[in-house]
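Construct all of the structure, not just a fragment, from the sequences and the given hints.
So you can see what is in the structure, the chains are spelled out below.
Protein chains: 2
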Amino acid sequence: MEKYVYTFGGSEAEGNTTMVNTLGGKGANLAEMCQIGVPVPAGFTIITDVCNLYYENDGNYPEGVTEQVDNALRYMASVMGSTFGDPQNPLLVSVRSGARKSMPGMMETVLNVGLSPKTMEGLIKKTGNPRFVYDAYRRLITMYADVVMEKAAGMEPEEGQGIRLLLEEMMEELKKEKGYALDSDIPADELKTLCDGYKAKIKEVLGSEFPDDAMAQLWGAVGAVFKSWNGKRAVSYRRIEGIPEEWGTAVNVQSMVFGNMGENSATGVAFTRNPATGENEFYGEWLTNAQGEDVVAGIRTPFAINAHSINAANEELPTMELKYREIYKQLLDIRDKLEAHYHDMQDVEFTVQEGRLWMLQTRVGKRNGPAAVRMAVEMCREGMIDEETAIMRVMPSQLDELLHPMIDPATEGRYTPLALGLPAGPGGGSGKIVLTAERAEELAEAGEKVVLVRAETSPEDVHGMHVSQAIVTAKGGMTSHAALVARGWGKTCVVGCGALDINVSKGTVTVDDTVLKEGDIVTVNGTTGNIYVGELPLIVLDPEKNELLSTFLGWCDEKRRLGVRTNADRPEDAEQARRFGAEGIGLTRTEHMFFGEERILAMREMILAEHVEEREKALAKLLPYQRADFKGLLTAMAGLPVTVRLLDPPLHEFVPHEKELIEELAEAIGKDVDEVNARIEQLTELNPMLGHRGCRLGISYPEVTRMQARALLEAAAELKQEGIDARPEIMVPLVGNHKELADQKALILEVAEEVKREKGLDELHFLIGTMIEVPRAALTAFEVAAEAQFFSFGTNDLTQMTCGFSRDDSGSFLPGYVKKGIYGADPFQSIDQEGVGQLVDIATERGRERNPSLKVGICGEHGGDPASIAFFDRVGLDYVSCSPFRVPIARLAAAQASIQK
Amino acid sequence: MEKYVYTFGGSEAEGNTTMVNTLGGKGANLAEMCQIGVPVPAGFTIITDVCNLYYENDGNYPEGVTEQVDNALRYMASVMGSTFGDPQNPLLVSVRSGARKSMPGMMETVLNVGLSPKTMEGLIKKTGNPRFVYDAYRRLITMYADVVMEKAAGMEPEEGQGIRLLLEEMMEELKKEKGYALDSDIPADELKTLCDGYKAKIKEVLGSEFPDDAMAQLWGAVGAVFKSWNGKRAVSYRRIEGIPEEWGTAVNVQSMVFGNMGENSATGVAFTRNPATGENEFYGEWLTNAQGEDVVAGIRTPFAINAHSINAANEELPTMELKYREIYKQLLDIRDKLEAHYHDMQDVEFTVQEGRLWMLQTRVGKRNGPAAVRMAVEMCREGMIDEETAIMRVMPSQLDELLHPMIDPATEGRYTPLALGLPAGPGGGSGKIVLTAERAEELAEAGEKVVLVRAETSPEDVHGMHVSQAIVTAKGGMTSHAALVARGWGKTCVVGCGALDINVSKGTVTVDDTVLKEGDIVTVNGTTGNIYVGELPLIVLDPEKNELLSTFLGWCDEKRRLGVRTNADRPEDAEQARRFGAEGIGLTRTEHMFFGEERILAMREMILAEHVEEREKALAKLLPYQRADFKGLLTAMAGLPVTVRLLDPPLHEFVPHEKELIEELAEAIGKDVDEVNARIEQLTELNPMLGHRGCRLGISYPEVTRMQARALLEAAAELKQEGIDARPEIMVPLVGNHKELADQKALILEVAEEVKREKGLDELHFLIGTMIEVPRAALTAFEVAAEAQFFSFGTNDLTQMTCGFSRDDSGSFLPGYVKKGIYGADPFQSIDQEGVGQLVDIATERGRERNPSLKVGICGEHGGDPASIAFFDRVGLDYVSCSPFRVPIARLAAAQASIQK
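Protein sequences, first through last, are from chains A and B.
For the first sequence, the numbering used here gives the first residue as 131, with consecutive numbering after it.
For the second sequence, the numbering used here gives the first residue as 131, with consecutive numbering after it.
I should point out that these hints are in silico values taken from the structure, not numbers from a laboratory.
For glycine and all other residues, C-beta sits at the position ideal for the given N, C-alpha and C.
Hints may contain errors.
Stated by the list, open to error - Derived Cβ-Cβ restraints for the label pairs, each shown as a range:
| no. | chain 1 | residue 1 | chain 2 | residue 2 | range |
| --- | --- | --- | --- | --- | --- |
| 1 | A | E575 | B | A955 | 43 to 49 Å |
| 2 | B | G1006 | A | K579 | 55 to 61 Å |
| 3 | A | E805 | B | E446 | 31 to 37 Å |
| 4 | B | V742 | A | G189 | 29 to 35 Å |
| 5 | B | L879 | A | D631 | 39 to 45 Å |
| 6 | B | T546 | A | D892 | 56 to 62 Å |
| 7 | B | L879 | A | K333 | 57 to 63 Å |
Pasting the structure below:
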C-alpha cells in the first residue's frame, strides 16, 4: 500500500525537510522541526500526490488514505493525550494547505475542526472556559461555512461577501443591540445562542446542515483545501509565479493549540533575522490572548517581540522579552536551533497555550533585497553557508531594490510628512493615488505611475499592487498581506497608517483637514513609513559605496563565466555602468548622437542630399561631433572594449513630419519645400522595421559608413597618441547575408588604412563584427563568421523577425497570448528559448565552427533578464550586455547560472 | 610538354565536341564539324587553360605555346594550300574568342590577320582583285587599332568613340569629298591612300606604329582576345549569367574565307529548323559578295535562303535555293548531317568563297517558346531524342510565352518603348490609360479595353485591375500587390516603372517630355517590362487546342514526382487552372471574398463591433457569401483537395481611410464618426506585416474562425449531400507557436461537430493544417506537426521574416543588392536556398519526423519559379501551388527536377 499520510509530533516524525515535494513546504518543515526537537503540536500530512489523484478521480481519494488518516489520528491522540472526536477529552485540529512553494493566502484553512455539541462539553470541562469554547465553535462555524459549505453549494460570491458576511453581520447586530464594544464582551451563553442562529442561517442560505460531527468536519475541510488548489486565486498566483499545476498541494492536519485561552496564552510570528534590513536580530510581533489570525489580520496592533522589533506603532505596548521572559528565552533558543539547522533565515509562527510554547510553522523567511544581500554575506562570514550558497540566496530581481530609487535624504527633511505608517517595504516611490487595484492597472497600462492606497489589501489586489510604485494601507502590521507581498517584490510599502480615511466611492483620502483625490500625487518612504503630498526627488544608491553589496558582487564575479558589458550611448552612462561593474560596452547606438540641434540639421541635409557629393558635405559636418562622442566613450571605458553599432534606424526617423517643421527645414538647408516633401514621402515605409535600415543604409550610401568608421578610428588613433587604451569594436547592424558584411568590412578596412596613414600610426587595434538579428544571419552563421571577429545577438529584432511580432504593434495580441499560455512569458522580456533561442544556439555553434576565435555576445534587452542570462550561459556566449542599472543583476544572474551548471 | 594548341581542318581534327571545357564551345564545334566531314576552313584552338596561365603570368604565355602555334600554322598551310605570312601565296586568318558558354559580342575578334604590304601583292596576284585586298587591309587596320592597339595604349574611350571613330570619320570625309555614296564606290588606289592615312593617324593618336608583320599581328590579336576575357563588358555579362571567371576563354585562329570576293562569293547564317515556329524547315538568310558582319549588321537586307525563309522584307530578292542550286544542296546535306549528329536544332554560319562552301560555325540555336515545344515533341517523334531529353529542351520560362497574348515579335522591334519597368506579369496588352479602378470599371463596362496605371495598387483596386488588359505601377517590386494579383490572373503587368509621373487629379501620365492623358492608348509588354505609346499588334496561342503542348505536358506529368496545385480564389480561376492541369487548390485567400459592396459593409461592421455579440451579428451576414463562394470552389475542384486559408491580413486593410468614406461608413452602420475614426486609428500599425493578423486575429476573435470554418464545412456537407466529392483543407495562417494552431484547431473541430450534427452526417472529411511562414514555426516544426495534418510553406512571408525584408519596402535597396551580387536573384522571385530554403528543409524534416503522414506543400509565389521548384523537389515536398497560368510551367519544372535528379 502506497504511503499517503506522514505523522509528526513528540520529537519524532515520519518525514523530514528533504521530502518537500511530497509533504509540501509546511509539512516537511513541521516534520523537520520535530526531528530537531522543537516543540510542535502533533499532526500529519496528506501528501501532494493525493491532490493530483483527487483531481484525477473526480474528487475521490485513493484507497488507503482513510485508513492511514485514522491511524494518524490515533498517533496524535497518543502524543497529545487527547483524542479527535472524543466527547470527554477532545482534540481539535487545524486543516491547512502546504504546497512545495509557499502560496500565502491563496488556499484555504479551517481551524478548530472537531468541535461540536458532542465534544464541546468535554472541552468546557477540560478548560473550564465555556466562553472560549463557544467562541472557538463560532469561529469554526463561520470558517467552515465560508470555506467548505458555500463552495460545495456551488456559490461563488465576491470576496468578503456571501455567508461569512451574513454571519459576521449577525454578530455585529448582537453587539449593537447589547451595546458590546468588542467581540470578547459577548458572554458565553449569548455566543451559544449566536451559534444556533448561525447554523439556522447556514441551513437557510446554503440549503444544508452544518455537520456537527468531527470526522465529517475533518474530511470536509481536507476536501476544501484540495479544491482550493484550483481556485481562481491560486491559479492566477501560480501563473504569475510560474508554479506548475501538477505540483499539487499537501494537506496538513495538526493539533490545535490556543493562544486565546487567556492572558497566559499568546500567539505570534517572528523572523530569525530582520527581514527588512537583514540585521542579525530576532524580529517579531505577538499578541496575548489571541489566535494567529489576529496578528496577521491587523485588527489589533501587535506588540513587539523584543526591543529590536519596536516601531512607532507599538512602542507603548509590552514586549515578550520583558513580559514573558522565560518563554522568550525558549523562543530565542529555538531561533538559534532553527537557523543552525536550516542555515537560513526562518519565518516562524508560534503559540503559547497556558504558558506552554508551541511552534506551528517554520519556513524560509521572505526578505527584501538589501536584507537578502546582508544575510547572504553575513551568514557566509558566520560560516553558516558557503559563497555559492550565498550567491544563490539573492534573487537577481532583489538586487534591483538596492539599485532602486529612494527619497533623496538630502532634501527629504524639507518636506513635512502627511502621515506616518509602518515601514513595510523599503525604498521610495511616487505616483498618482489610486484607490482600487483595477484603477491601478488601468492607469499603469496608460503609462502612469501610481501609488495604491487601500484600507488593507487582499490577494485580489495583487495585480494592482504589482503595477504600483508604492503601496499604502491604513490597517495592518508588518506581517500583513500588503507588507508580505510588497517585500517579496522589493516594492515600497507603508502599512497600518491609521491616519488615512479612505473613501473609495468618493475617491478621496482624508488626513485631518487635507483631502486628497484619486489622481493627486504622493511620495512614499517605505524605509521610514512617511507619506508626503507631491513628488519628492528620488535617488539611487551607489552600489560601489555599499560594502556588503560590493563584497557580494565580488563573489559573483569569481564564480561567473559570462562577461557583463553595458549598453551605453553617453560617457556618463558608460561611467555609471563601469562603477556597476561593466566590463566594456556591448552596444553604443550611434543614432542617438545625431539628435541635438546642429547635428540633426546636418543629418537631415545628408538625408535630403541629391547626390554623393552633397551627402559627403553634410557628413563632413557630422564627423567632428561623432569623433568627439566616441572619444568620450572610449575614454570612459579605457582598457575595455567599446562596441559601436553603425547607423541602424531608417532615415525617416530623422526627418520632421509636420508641415511647419518641414518648411523650416527646407529653408534652413536651402531646398524647395516640395522637394523636401517628396523625399520625406519617399522615405515613408509600410514596414520600416523590415525596410531600408541597418547595413542596408551603409551599402546604399557607403559614405555614411565611411564617415562613422573614420570618426571612430580617428578617435581611437588620437587617444592612442594621448596614451589612452581605446578598444573600439565596429558592429555592422542588420546583416542577413555574409556579403553585406564583406561589403561594409572592405569600406571600414579602407578607412582604417587611410586613418593610420594620416595619423602616422603603424598599428591601430580594432575589431569588425556584426549584430546577429536577422534570422537568415543566424542560419548562415558559418558564412557570416568568415567575415566577422565577433557576433552580438540583437535579440530584440531577432525576436521580432523569428516570431513575426512587431514590438510596436504586439500590444494588441501579445498580452492575450501570455495570458493564454501560448508563450510562457513575454518573449521581449525573457528570451523565447525554443524558437529564438534555437537560432542563438545555431549561430553560436556554426559561427565558432568557422571561426574558433569568434567572440559572441548579446546586446538586446534580454541581456539583463536573469532567465535569459542563464540560457546564454548554457549556450556558451562570451558576454551579455545590458543597461547600466542591470549590470549588477547580470553579474549575479551569470554567477548563479555558473553555479547551477 | 602540355598540349595547348589543337588543330582542325581537312576532314580531321585533334579535338571534338566533348572537349568543350578545354576548347570552348566554338573550338569544340569546329573540331567536331571536321570530324563529321563538314567543310571547315582549317585552323587551330589555343585552349582555355592558356587564358588562366596568361593572367597568372602577367600576360606571358606558357612554354611551348609559340612552338605549337608555329606547327599549327604549318598544318593549316598544308590543308589550305596557302601559307600564313607567305608573300607569294598568303593565308589570312581570323582570331576569335570561344568560351565554354557563348558570350555573344562580349569579347574581341580580329579578322584578316596576316595582311600587310609584304603579303598584299601576292594576294592581289592570286585574287586579281586589288580593291578587295585594300578593303580587307582597311578593315584589318581599323579593327586592330581598335581592339589591340588602343587597349595596349591604356586608353579606354566610351563605346563607339576612340580610334575606330576617328578612322571611320576619315573614310566618310573621303566619300563626301569625292561624292561616293557607298564604301564600295571607293576605288582601290584611293583605299590604298586611305590606309596610309589610317596608319599615320594611328601613330599620331596611339603613339605606336601599326605592325605590318603577320606574326606580330597574330600575337597581338591573340593577346587582345585573352585580355578581353577580363574586359568590362565580359565581366559584367559573366556576373549576370553566373559564368565563373576561372573558366577562361579559348582563342580560335582560323583561315579566312571571303564571301566578298565577287558575285560567286556569298555569306549567310541559317537555322536547321525555324527558330520562331519550330517547323522542321531549313531557315536562313544570306548575301552575295559580303562578309559575315554584313548579314548580321542589317546594313543590307539579306536574302532568304529558300522559299520557307521568305518574308515581307526579302520577297523580291533572290533565294539561294534558286540562285546557287548546287551550293544550296550541299548546305542542305550539311544541315541533315548536323542535326543527325547533334540531335538538336543548329544555328550555323557559312561562307561561299568563289563557289566553294565553307562552314564557319555551328551551335545550338536559340528558339522561342512555341518553337521549343514543337521541336522537342517533333524531334522525339522523329526518334532523334527521347522524352526526357525533349522535356529538358524547353525552358520553363518559354512556356509562359505560349499561355499569354504577346506582342507580335515580328513587329515589336519597329517601335521605341516609352519607358521600362519590371516585367511582373508576362504577355502583352493594349488599351486606354485609366488612372483609377473606378474609371477602369466604367470604361470596361462600356466595352473599352483599358490599361490601369497607378502609383501602386491596393485590395480596393482589384475590381479595376480585373477588367484591365494590363496593369502598370510606378512603384513596387516583383511581388508587390499589383504583381501578385496580376500573375494570379495571368494578366500583363509592369511594376516599379519609376519613370512614370502620375497625376491623378490632372489625369496625366508624364515621362520626360511626353505627356499622356487618360484615354490615350498604350501597349504593355509584361515579358520585357517595356511600355509603348499606341497599339501594337498582339498574337495569342490557345494551349488547350495546342496538341503539341498537351503531348509535351503529358510527358512531363509522367516524369514528375511533385504534385502541382494552384492558388485560386474564384471558381473561374480554379476551372482555368484545372484545364491547365492543376491537381487541387493549394491556397484560397478568403479575404478577397470580403470585397464587393454588401460584403465589405458587413466586414466593416464586424471590425468596428464593440463586443462579441455585435461581431457575431456582422459575421452572420458574411457567412452565406462565404459558404456560396466555397461551394463554387469545391465544385470546380470536385475530387481534388481545396486548401482554404483563414482570414490573414490585418483588419485595417478592410476599412476606408478617407474622410468622406469614413463618414459614409459611419452612417451606413449607424455609428458615431468619432468612434469609427478612433477604431480605425487603433487598427493602424507601425509594421502591419508583423502585426495583428493571421491566426492572431482568430485567437483574438474566435468567432471569426468559427464563421469561416462553419461556412466551409457547411459548404462541404451540403455538397456531400448533393453527391459532389468536396475535399476541404483548412489552413491556419501565420502560426509561430504550436499552441496557436492547437487553439484554432480546437475551435474548428468544435464547429465541425456542430455542422455534422446539424446536417445529420456521420462523417465529414477535411484536413486541418498550417502555413509555415514564420521562422519560429519552421524551427519548432516538430511541435507544430503534432497539431497539423499538413504544412504549406508561405515562402513570401517566410522570406520577408527570414531575410528581414519588407516586400513592400525592399524596392529601395533590393535591386541594388541583386546588382551587387549580395543575393544571386531577387529572393522574392527565386527562393533563397541558403537561408529561407534551410528553414524549408528543417521544417519538412522535423515535421515528418513527428508526423510521418504530414503532407507538405508550398503556396508562395515561389511555387511557380522553376529554380525554386527544383529546390522543393530536392527537399522532398509533396506539391507546389502556383497561380493558374503558371501551372503548366510548374509541371515542366517539376519534371525537369525529377529528371535531373
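Tested hints:
no. : hint                            : result
1   : A:E575 with B:A955: 43 to 49 Å  : holds (46 Å)
2   : B:G1006 with A:K579: 55 to 61 Å : holds (56 Å)
3   : A:E805 with B:E446: 31 to 37 Å  : violated (58 Å)
4   : B:V742 with A:G189: 29 to 35 Å  : holds (33 Å)
5   : B:L879 with A:D631: 39 to 45 Å  : violated (56 Å)
6   : B:T546 with A:D892: 56 to 62 Å  : holds (60 Å)
7   : B:L879 with A:K333: 57 to 63 Å  : violated (45 Å)
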